[in-house]
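Asks: Chain residues, written in single-letter form:
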Amino acid sequence: MKCSIRTFWSCVLLIFASGPLHLSLPEVRAEDRSAGSAASNLIPVVAPSATCALVSDEHHLLIVGRRDAQSGRLFVYRLDPDGEPGADEPAQVDLPRPDPLKSFRNYPLDLVFHPSLPLLYVWQDLDCPRPDENQQKTIDSEFDHLQIFTIKDGALKPAATFGRGREFVHGRELGRMAIDPAGTRIFLSNLRIVDNGAAAIGYYDLDEKGVPRPVLLPIEGTRDAYGLPRTEFKMRATSIRVQEARRWPMGWGFVVPSAQVIIFGAWYGPAVWDTASRRAAIGHVRVPEVHQVCFITGHPVLPVVYGVSYGGDVAFRMEHADGYLTMMPRTVRVEGAKFHSPPLVIKGNPHRLAVGGIDSVVLLPLDEQGQFSGPAETIAAANEGNPVRVLAWSSRTTRLYAFLNKHK
Amino acid sequence: MGEGPGEGAKDPMNTNAMRSRDDQKYTPRPAPRETAFPSLFFLPSSLFPLLPSLLILLCLPVSVAARTIVLDARDCDRMAAIAESAPRQSWAMQPHGHASFNTIEMSLVPGRSLLIRFALEKVPPGHRIAHAVLTVPVIRQQGPEPRFYMWRVLADWGAGVCYRYRSTRPQKIEWTRPGAAGHSSDRSTRPTDIVRLPKKPGPMRINVTEDLDLWYTGAAPNNGWLISVEDPKVRVQLHSPLSNEGRAEWKLRITYEPQ
Chain A
1067 MKCSIRTFWS CVLLIFASGP LHLSLPEVRA EDRSAGSAAS NLIPVVAPSA
1117 TCALVSDEHH LLIVGRRDAQ SGRLFVYRLD PDGEPGADEP AQVDLPRPDP
1167 LKSFRNYPLD LVFHPSLPLL YVWQDLDCPR PDENQQKTID SEFDHLQIFT
1217 IKDGALKPAA TFGRGREFVH GRELGRMAID PAGTRIFLSN LRIVDNGAAA
1267 IGYYDLDEKG VPRPVLLPIE GTRDAYGLPR TEFKMRATSI RVQEARRWPM
1317 GWGFVVPSAQ VIIFGAWYGP AVWDTASRRA AIGHVRVPEV HQVCFITGHP
1367 VLPVVYGVSY GGDVAFRMEH ADGYLTMMPR TVRVEGAKFH SPPLVIKGNP
1417 HRLAVGGIDS VVLLPLDEQG QFSGPAETIA AANEGNPVRV LAWSSRTTRL
1467 YAFLNKHK
Chain B
2 MGEGPGEGAK DPMNTNAMRS RDDQKYTPRP APRETAFPSL FFLPSSLFPL
52 LPSLLILLCL PVSVAARTIV LDARDCDRMA AIAESAPRQS WAMQPHGHAS
102 FNTIEMSLVP GRSLLIRFAL EKVPPGHRIA HAVLTVPVIR QQGPEPRFYM
152 WRVLADWGAG VCYRYRSTRP QKIEWTRPGA AGHSSDRSTR PTDIVRLPKK
202 PGPMRINVTE DLDLWYTGAA PNNGWLISVE DPKVRVQLHS PLSNEGRAEW
252 KLRITYEPQ
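Heads up: the sequence lines are chains A and B, in that order.
Here the first sequence is numbered in this note's numbering, starting from 1067 and rising by one per residue.
Here the second sequence is numbered in this note's numbering, starting from 2 and rising by one per residue.
In isolation and in its complexed conformation, chain A is listed as follows (with noise of 0.2 Å):
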């Protein structure tokens, strides 16, 4: 048999022409969806300068802090069967400042339940960019960051205000807190070592009725018989310098799965504190890709920490054991977004990972194991170009909240 010219050097175009095989990672787009149940469940609530937001499904409420001229108050809605927040206006529950502060504005930074007891503990800060040195004496002794409320009946009443000291910063943008399942420690974020200045991180261990408890701590210049300090109970947060991980003191999120080993947003990546450890009290993973400081959060039920780098488009998902960082980090890239809230595991068929972005909100699928899986999902929550800051969860109604500027 032989084979004709044509057909031969048509062989070769075609084999030639078929060019190069393309091997492209598949990446995770965002789909535009302006519909669909995802969308239905989101419910926009304007709150301008919105900073913190939680909502109790045994109390049906949602609670918000903001950061504008109506600072210093939580607003308190209630919320109907359907997690729709009634038509009435929202409570205000002021927070607590002294006289001598009283031309400072206050604001809240980050709220949290205590797991089992019907108490709010508010984190607030005091806007006082430079103060003299008499301004400053008086923050550290006299303005207290910890506030706590008691629920009932739908009200918040305050019941006992904390964390006052040289030791805790001022003037932040963001402060976080955390407590453990047990409810026997609260985690705080804004600290500093009073040293050096420092940033660190501490806690309060928390008695039977949520109280924060005060620690032994020596009496300067006092000597008992044996030659050792004099000591007395003091309110004192037990804090480690963290500098390394993150330099700033500000908060970036807690996952607590005990009261002894933490995991904290940090630079590049997360950290593990393990309070009893004073050879390896703590551990900073830089994940790749990673650029900037991270909000982190934790799976409601598997032991997996997710992160966001704060401004930027990649998320990641790491395992930990005991509170322990372990096995590789892995991470997922979304196309056109910038990160700008904590994230926020959200039940459903699939779970989701909410995170706020500039007028949308993204949602990122998870498999059964935690994992990401399938494209991200952009919901539009248009808030005049800024980015959405907070995101709320109510598990009872699986309804999502985010807190916009204003809601066209």
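The hints are simulated quantities; they were obtained by calculation from the structure and are not laboratory data.
Backbone N, C-alpha and C define an ideal beta-carbon position, used for all residues, glycine too.
Hints should not be assumed to be uniformly reliable.
[To be verified] Partial selection, computed: residues in chain B whose CB lies under 10 Å from chain A: (1) M80; (2) R89; (3) W92; (4) A93; (5) M94; (6) S101; (7) N103; (8) G159; (9) A160; (10) G161; (11) N245; (12) R248.
[Stated by the list, open to error] One side of the interface only, derived from the structure: several residues of chain A facing chain B at Cβ under 7 Å: (13) E1310; (14) R1345; (15) A1346; (16) V1351; (17) T1392; (18) M1394.
[Said to hold, decoys possible] Chain A regions said to be covered by chain B (calculated; three or more residues, Cβ under 8 Å): (19) 1336-1343; (20) 1377-1389.
Take the given structure of chain A and dock chain B to it, following the hints.
Replies: Frame of chain A; chain B shown alone:
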């Protein structure tokens, strides 16, 4: 017309007589010109018709020759740094400050070692590992006659791996000796290699063909390698396989061929 090749003497079958009416109109075509094929193909002419098919076969994934792939740390599916001073941490790569560890670089000293496992799914089945070389990027070294050890890990390890445990989920399982130090139980009896470092640090290439062959054929489970320093006062600093800059420096070059 009855033209045909030859007279009766050259036509023993007398095909002229058997030719039909259509055949009488048949005009044979000239033979194809062999000179049209490129002169580069110095092949017997009988193979020319097969050239297109051969070209197609050469481009198919099924190779008839050895192939080499290069994996880097991004192809690892398990990694950990375990240290005696941080007995429960999985990422105690490098001490930094007071009571703090990070993953910027990997600092090998006695009591601190690296566990690393490359996934071998990119090597297609039905082949044979001909050659494999692991490149370990050394940044600096200290101590008398610095060297590090490469061990094939025998015991399975997973989530929660640390100096004390090789796994903590679903239950805590300890190493036979802490730090995966058990010979013939946690790690192989003899090291894959003892790498003596030259005065000027740089990437060190280690022949790991035997280990890759054991894993690829299934003769041994792939639990990766343990890289450690066993000599006192020796410190070896490596690029971190988890960092953006360092993970491309770790290379596993595998050459495989059909069996």
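Asks: Take the hints in turn and mark each one as holding or not.
Replies: Tested hints:
1. M80: With Cβ-Cβ at 5 Å, under 10 Å, it holds.
2. R89: holds, 5 Å
3. W92: holds, 5 Å
4. A93: OK, holds: A93 of chain B within 10 Å of chain A, min 6 Å.
5. M94: holds, 9 Å
6. S101: Hint on S101 of chain B: holds, closest Cβ of chain A at ~4 Å, below 10 Å.
7. N103: Holds: closest Cβ of chain A sits about 4 Å from N103 of chain B, inside 10 Å.
8. G159: With a minimum Cβ separation of about 7 Å from chain A (threshold 10 Å), the hint on G159 of chain B holds.
9. A160: holds, 5 Å
10. G161: At 3 Å from the nearest chain A Cβ, G161 of chain B passes the 10 Å test, so the hint holds.
11. N245: holds, 5 Å
12. R248: This hint holds: R248 of chain B lies near chain A, its Cβ roughly 6 Å from the closest one there, short of 10 Å.
13. E1310: holds, 4 Å
14. R1345: Constraint on R1345 of chain A satisfied, holds at 5 Å.
15. A1346: Cβ of A1346 of chain A sits 3 Å from chain B, so the hint holds.
16. V1351: At 5 Å from the nearest chain B Cβ, V1351 of chain A passes the 7 Å test, so the hint holds.
17. T1392: holds, 4 Å
18. M1394: holds, 5 Å
19. 1336-1343: Coverage by chain B holds here, the residue count being 3 at a Cβ distance below 8 Å.
20. 1377-1389: holds (count 3)
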